[in-house]
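Trainee: Below are the chains, spelled out letter by letter.
Protein chains: 2
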Amino acid sequence: MVPHLTTALTGPLLELERQFLDNQTEIEQWFRSQWLETTPLFYGSTDLRNSGFKLAPVDLNLFPGGFNNLNDVFLPLCVQAAQSAIERICPDARNVLLIPENHTRNQFYLQNVAKLVSILKLTGLNVRIGSLLAEVTEPTTLELANGATLTLEPLERRGARLGVKNFDPCAVLLNNDLSAGIPAPLQGLDGQWLIPPLHAGWHSRRKSNHAHAYDRVAKDFATHIGIDPWRINPEFGVCGQIDFKERTGEECLASQVDTLLTRIRSKYKEYGVKDEPFVVVKADAGTYGMGIMMVKDAAEVKGLNRKQRNKMSVIKEGLQVHEVIIQEGVHTFETVDDAVAEPVVYMMDHYVVGGFYRVHTERGRDENLNAPGAHFKPLAFETCCTLPDVQQGPDAPPNRFYAYGVVARLALLAAAVEIEETAPAVLEEAAA
Amino acid sequence: MVPHLTTALTGPLLELERQFLDNQTEIEQWFRSQWLETTPLFYGSTDLRNSGFKLAPVDLNLFPGGFNNLNDVFLPLCVQAAQSAIERICPDARNVLLIPENHTRNQFYLQNVAKLVSILKLTGLNVRIGSLLAEVTEPTTLELANGATLTLEPLERRGARLGVKNFDPCAVLLNNDLSAGIPAPLQGLDGQWLIPPLHAGWHSRRKSNHAHAYDRVAKDFATHIGIDPWRINPEFGVCGQIDFKERTGEECLASQVDTLLTRIRSKYKEYGVKDEPFVVVKADAGTYGMGIMMVKDAAEVKGLNRKQRNKMSVIKEGLQVHEVIIQEGVHTFETVDDAVAEPVVYMMDHYVVGGFYRVHTERGRDENLNAPGAHFKPLAFETCCTLPDVQQGPDAPPNRFYAYGVVARLALLAAAVEIEETAPAVLEEAAA
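Residue numbers (our numbering), protein chains in the order written: chain A, 15 to 446; chain B, 15 to 446.
FYI, nobody ran anything at the bench for these hints, they're computed from the structure. Since this is a predicted model, take the numbers as computed values, not measurements. Among these hints, one or two may not hold up.
Put simply, identical chains are the same to the list, so a pair is met inside one copy or across any two.
Lysine to any residue pairs mimicking SDA-like chemistry, simulated, CA-CA at most 25 Å apart [to be verified]:
| # | residue 1 | residue 2 |
| --- | --- | --- |
| 1 | K129 | D409 |
| 2 | K391 | A444 |
| 3 | K310 | A162 |
| 4 | K129 | Q406 |
| 5 | K129 | Q201 |
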């Protein structure tokens with residue numbers, strides 16, 4: 015099922031999907047040419063927002079944690095795409111060590127890990143799970159609510175190689191976003207593939223680098239198929255020296271917010287959009303919906319109370335926030351049974367392998383839906399994203415999902431560009 | 015649904031599928047290493063026979079004509095695999111010319127062409143259909159029984175390039191097996207990809223070359239996972255100088271048949287198989303179930319009557335048969351509603367993308383099922399071939415289909431080896 019798109023707007027609604035449909039051949043050729051230049055990453059997921067007049071990614075995750083939410087019908091697509099990724103990155107790999115996040119009490123996350131393990135096994139890999147948790151001192155088997163089991167094993171470092179007992183992997187696949195920095199066992203490895211590369215972790219990754227890369231990718235794509243890039247690209251700005259606790263940098267932030275809101279207002283006017291513009295202030299590093307604030311007026315960021323400042327100043331793993339990105343907010347006008355929904359698209363190699371709707375019954379259409387809680391539920395996509403049907407309307411499920419797949423792949427391509435450009439060797443060379 | 019496997023045999027039955035299941039990781043790794051050495055072809059299909067004690071390919075088609083018989087649920091797998099094939103063979107291709115067979119009155123074949131066109135379009139290619147038929151002198155649109163339409167266009171040769179009106183393709187995809195030789199418009203092309211290469215056509219291809227390549231592939235694979243190669247490999251022999259009309263070469267044929275039957279009897283004894291061995295005599299070049307004879311005793315090939323000799327002496331396009339392959343017959347013990355069934359597996363690039371059962375209500379389990387007629391019906395596979403489930407029995411659908419996928423891929427790999435080895439340049443070099 016596809017959520018309803020409920021908006022008062024009548025003009026550009028569905029026109030974007032129609033443009034994608036009409037240009038499908040051009041779009042696929044364009045992607046093919048891009049992937050000749052840029053090497054795909056192993057996997058990624060992206061959160062999209064669809065306001066009808068704008069369809070844009072608002073987040074690109076390089077350590078996707080919701081494979082369990084995908085429709086099992088599309089598991090063969092995951093396996094085929096994973097085979098392709100393995101052949102590209104480490105064709106002679108036999109043994110893979112998977113390093114997950116440390117939250118062993120989150121059943122949903124553990125089911126994600128189990129699904130990922132099963133996909134990797136189906137591609138013909140021996141897979142073991144190495145835990146970064148200090149308390150995992152021996153193989154620990156977890157029984158999952160869905161009947162699956164997972165065995166976490168203590169990591170063993172042997173010289174410059176990482177493994178677990180009696181298991182020397184050719185590749186280490188990270189499903190841990192490294193927010194807390196590069197853990198000691200992962201430092202100074204040699205002779206093993208690290209997937210994705212370490213600098214893709216949130217200890218060094220910056221949302222603003224991704225936004226810059228996406229900006230270029232979106233502009234190139236939009237020019238190519240003849241659309242206004244704004245339709246797929248959220249405006250953004252960056253503040254690099256902020257301290258919410260010390261209340262420094264507020265002026266810079268307020269000024270950026272104001273500039274952005276002015277630009278959005280002008281675009282809304284151009285497109286006849288009556289909604290109230292908003293921007294999202296986020297920590298430039300980090301994830302998990304922490305350190306995020308929705309702002310509709312620059313004045314709001316100048317008078318933050320203690321609670322707001324505390325909320326913004328610390329993200330996952332207790333990291334302090336000193337750099338923020340200010341991103342154009344995109345209303346989500348998709349609803350399931352009156353609850354607000356936001357599509358999440360999953361990709362492996364350069365293929366879309368499925369997706370789901372993040373449905374939140376207690377959040378508004380201008381709020382962040384990536385927030386845990388009883389009112390969150392995933393709704394798997396019912397059709398895949400690769401079979402547009404020009405015989406049907408632009409909002410028919412295959413066509414809506416095709417549009418999602420296109421924008422998601424743009425974000426994935428931008429991430430691949432971003433990770434290539436931010437590789438330590440590349441940065442060193444640029445500095446030299 | 016999976017047909018029933020009805021055999022009195024109790025010993026090795028299902029043991030083969032169990033071996034594949036238990037060695038799944040090894041098998042996938044082995045394939046991965048093979049595909050590093052050998053480049054996959056664009057597409058192929060294979061006819062399998064499953065006698066319970068033996069699961070073997072009996073034909074490998076490089077111009078598959080039954081994409082319309084596949085389960086539409088797996089269309090995304092076709093699209094993903096076709097994308098992979100295009101990226102491998104002609105990544106910068108935009109325009110593809112498809113050249114189908116000439117039988118414009120066969121609705122099933124035309125639906126196959128239509129399905130193939132839709133798959134190619136979904137990968138982002140402009141596709142036009144060029145007809146070799148002399149009577150197609152202007153664009154001719156055919157309405158298909160399933161509501162689809164196809165437009166055949168006259169070929170246009172411009173120097174060393176082939177196209178249709180206002181369409182200069184980067185690649186020419188053949189769905190015509192070239193039984194009648196290389197048509198003039200396809201001769202001496204330069205600067206365009208020909209997929210598969212011309213020498214894959216039946217004007218030059220020989221079943222015996224494929225059988226030799228399969229023999230090596232099967233032995234290597236069987237050694238690797240520790241099974242008797244005979245379990246997946248039909249014995250074969252070749253007679254190179256036969257003339258059914260002139261009754262020359264009969265002695266050679268009878269002697270080969272006898273040798274083969276003796277070897278099979280000994281193997282049947284080893285495995286406790288009570289069935290009556292048989293061999294299949296086929297034209298070494300050619301397809302469409304023509305020029306095929308089932309033989310249970312060498313004497314049979316010495317006393318052929320006029321009708322039998324006529325049947326064997328001519329194949330598709332009226333070609334004379336002078337070379338035959340004698341292949342071990344494999345009983346098919348699969349039945350659907352008491353009708354005999356034979357699995358056909360479809361592949362693109364090196365991926366299995368689906369399959370169907372060829373069900374024939376008027377043929378025996380030791381007969382050729384690739385024969386047209388009202389009693390033939392296709393039955394699409396319900397699950398895909400990449401999701402074995404070790405929790406279930408070896409004959410559960412996902413596991414049966416996995417086994418089919420493994421053997422089919424062995425045949426596909428052998429075809430890729432065969433086409434590499436029989437490339438004109440390679441043969442010239444070997445002769446020099």
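Trainee: Take the hints in turn and mark each one as holding or not.
Mentor: Structure-based check of each hint:
1. K129 with D409: So K129 and D409 pass the 25 Å test across copies only (24 Å; inside, 30 Å).
2. K391 with A444: neither (45 Å within a copy, 64 Å between copies)
3. K310 with A162: neither (45 Å within a copy, 52 Å between copies)
4. K129 with Q406: Between. Shortest inter-copy distance 18 Å satisfies the 25 Å Cα cut-off; intra-copy 33 Å does not.
5. K129 with Q201: neither (27 Å within a copy, 51 Å between copies)
Violated hints for the displayed structure, listed by number in ascending order: 2, 3 and 5.
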